[in-house]
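Protein chains: 2
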Amino acid sequence: MSIDSAGTVVTQFFTFAEEEPFGLESGESLGPVTLAYETYGTLNSDRSNGILVCHALSGSAHAAGWLDGDPDKPGWWEDCIGPGKAFDTDRFFVLCSNVIGSCYGSTGPASIDPKTGKPYGLNFPVVTVGDMVRAQVRLLNHLGIDRLLCVAGGSMGGMQVLEWAAHHPTRTRAAIPIATTAHHSPMLIAFSEVGRQAIYADPAWHQGAYYDQTQKPDAGLALARMIGHITYLSEESMQLKFGRRLQGIEKYGYEFETEFEVESYLKYNGLKFTRRFDANSYLYVTKAMDYFDLKQPTGSLAATFAGAADLKFLVISFTSDWLYPSYHSKQLVSALTAANVDVTYLDVKSSWGHDAFLLEVETMTHLLGSFLDRLVREEQIAVPAPLGRSQRGGSTPLQSTRLADNLA
Amino acid sequence: MSIDSAGTVVTQFFTFAEEEPFGLESGESLGPVTLAYETYGTLNSDRSNGILVCHALSGSAHAAGWLDGDPDKPGWWEDCIGPGKAFDTDRFFVLCSNVIGSCYGSTGPASIDPKTGKPYGLNFPVVTVGDMVRAQVRLLNHLGIDRLLCVAGGSMGGMQVLEWAAHHPTRTRAAIPIATTAHHSPMLIAFSEVGRQAIYADPAWHQGAYYDQTQKPDAGLALARMIGHITYLSEESMQLKFGRRLQGIEKYGYEFETEFEVESYLKYNGLKFTRRFDANSYLYVTKAMDYFDLKQPTGSLAATFAGAADLKFLVISFTSDWLYPSYHSKQLVSALTAANVDVTYLDVKSSWGHDAFLLEVETMTHLLGSFLDRLVREEQIAVPAPLGRSQRGGSTPLQSTRLADNLA
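Protein chains in written order, with our numbering: chain A, 131 to 538; chain B, 131 to 538.
Hints listed in this document are in silico derivations from the structure and should not be mistaken for laboratory results. It is possible that part of the hints are untrue.
Because identical chains cannot be distinguished in the list, a pair is counted as satisfied if it fits within a single copy or across any two copies.
Claimed, not checked - Here are the computed lysine to any residue pairs in the SDA-like style, where the Cα-Cα straight-line distance is at most 25 Å:
no. : residue 1 : residue 2
1   : 479       : 366
2   : 371       : 452
3   : 346       : 387
4   : 346       : 334
5   : 479       : 461
6   : 371       : 450
7   : 442       : 455
8   : 460       : 437
The whole structure should be built from the sequences, with the hints applied where relevant.
Shown next, in the form of structure tokens:
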């Protein structure tokens, strides 16, 4: 086993609201509710070293390690979670759960509706980021964790982080929202809606009742994913990654086939996505994101964070992220500062667009590591001291030059 | 008639290649070829005051005035073409023609294939921006214009402008490429391809052979347009225009209906587009844009413009245009400078994204007007002196303060 990996992991399941349904923001209720989750590392004796990591739109509870021992199934944040990594599993108890509405083991539209014995489909109630987080609160209660060391996540994961800080501030000491926003913008809503329209327009969608059909709304879902995929990159990263290179041909074919590398890449990724994601979940999870607006109900973001004054924040944005532009993070930082919150903010210079939060590994390792070290010290958390890379016999040390270049 | 309008206009038609087919870059040929075109103003005696205006992806030959006398049918660049406007029809002979491959009267996939007596559909050959421009050259020959005063256009219109300058430099004295690029970027190709995939995925598309069907691939075309529409705006302009406002409801409905204004706007515009545009033309015109790369065949943009040293250029980009980012225009300016071309460049500060070239009317009027005045003076073009606004009894004078603010 690589010393860098959290090693073999298994997905666990926690079911609640079996007797009394779980009330949702919409006024609807849901029950029973199952959450798929994974944990890495060991909870310390006073249960103070828990870190909740929240996933983005298409993520799962499998954030790190090798699922069922298969090294070909690394976690989605493998680069940052593991022994000696940013979220050091030698020191912290890291936890990730699949959001409700998704399709990786937590209750969602593909789950069986106990009322009918069939998959919910569109009978699944619309859930919000608030609902997702309140389900995570139940999981923490179940695990006996009163207060997390921190909650961290990027994109929709970052929205969950902000929801924790705003509405459950006593349950965590720190919050790390990355490449995110406190209120989903009209451009984000627009891209979400176009993705949903692509799914609605697929005749195989059948108003969401396709689970017993041979054909699934794969064409619509692939299209939605292709649109999304473009938005996660940047103009610059696409120039670097693809340029105008042709795929498998020497010159233009003057026909409507896949000709450019970038077309091929998008089609491949769109198709691959249909093998792992459920079209209805795409609708529900994007809708939850669209509803996300922590300015409400007062209209003041500072007021929303009034109860979070005891928290420490690390806010990170990326200069080339045009989907969640840096100014959203700056607005958040202003609001937090106005609410007297201890906040560290970094606008990381990167050409990778929104995806940077998963790709700028060295920078993220440095930023997250420093922040967590400070947190452990100031909050007097009982965790082992970090092992140096040399003691671990580990991989390439951090290159401080590149780090410095990357920090705007 | 408003003194600002070019007044009643009619679309005219010019047909060529009736005997000998028109050769295309692909090696295929096309014939007969019809170009729909409109003209505004009067050609002077030495035929030196002609300005060719080139339209973008979904535009037509109807650039100004009231089509068939109907004031509800203004031209697509109405704000900039007319008496006393930037392209002053009291002074210049302004001309616009619909590109081949499009669907506004010029030969395209919906036209009748003389070989079969049926619409071409996908039997229409793939055309390039180079082909579009060579068809325009034929129109100029037909009109007896040896040398234009200038060629101007934004977006795909700007690509045509660059094509004129690169490959027909003796036919124009000046070039005004706006919000464009000399080589379509991978991000542009990606958005094009996703739009095309939306059309392909529509079962009503029938491999392009839908012209005799009751149902057209409207869902796919609407989706393609919605995607495009987002890219023409900016994050900031969408915040200003829509914010997170709901449409016709007080609070979230917790259902998959159109709820946000921005969703409603996109759906409305997607639907509206299907009433005026042909899905196959969308495929052909976007493909032509994707193929556009003036760096080829040498790999050097400066080499491409080697023959354009006698031209005067006005290059304009917009700071919030993330689809055709300013750095593309800057690369173009560098290449032109290296090729010893007289070039004026302005990166206009605007929050309107790519659409700015149609929306920043005062700035555009100022920039285009000054450039054309200089051109008339330096090239000694015999045109009437401009009438002052007061002599015209015209509308609001230019606000120089706002102009200054808008110039980056």
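So, going through the hints one by one against the coordinates:
In the homo-oligomer, the alpha carbons of residue 479 and residue 366 lie at most 25 Å apart both inside one protomer (13 Å) and across protomers (21 Å), since each shortest distance falls under that limit. In this homomeric assembly, residue 371 and residue 452 come within 25 Å of each other (Cα to Cα) both inside a single copy, at 17 Å, and across copies, at 18 Å. In this assembly of identical chains, the alpha carbons of residue 346 and residue 387 lie at most 25 Å apart whether taken from the same copy (24 Å) or from different copies (22 Å). Taking the shortest alpha-carbon separations for residue 346 and residue 334, both the intra-copy value of 6 Å and the inter-copy value of 18 Å come in at or below 25 Å.
For a Cα distance limit of 25 Å, the shortest separation of residue 479 from residue 461 qualifies both inside one copy, at 18 Å, and across copies, at 22 Å. In this assembly of identical chains, the alpha carbons of residue 371 and residue 450 lie at most 25 Å apart whether taken from the same copy (15 Å) or from different copies (23 Å). Within a single copy, residue 442 and residue 455 get their C-alpha atoms as close as 22 Å, which meets the 25 Å cut-off; across copies the closest is 37 Å, which misses it. Taking identical chains as interchangeable, the C-alpha atoms of residue 460 and residue 437 lie at most 25 Å apart only when both belong to the same chain, with a minimum of 20 Å there against 48 Å between chains.
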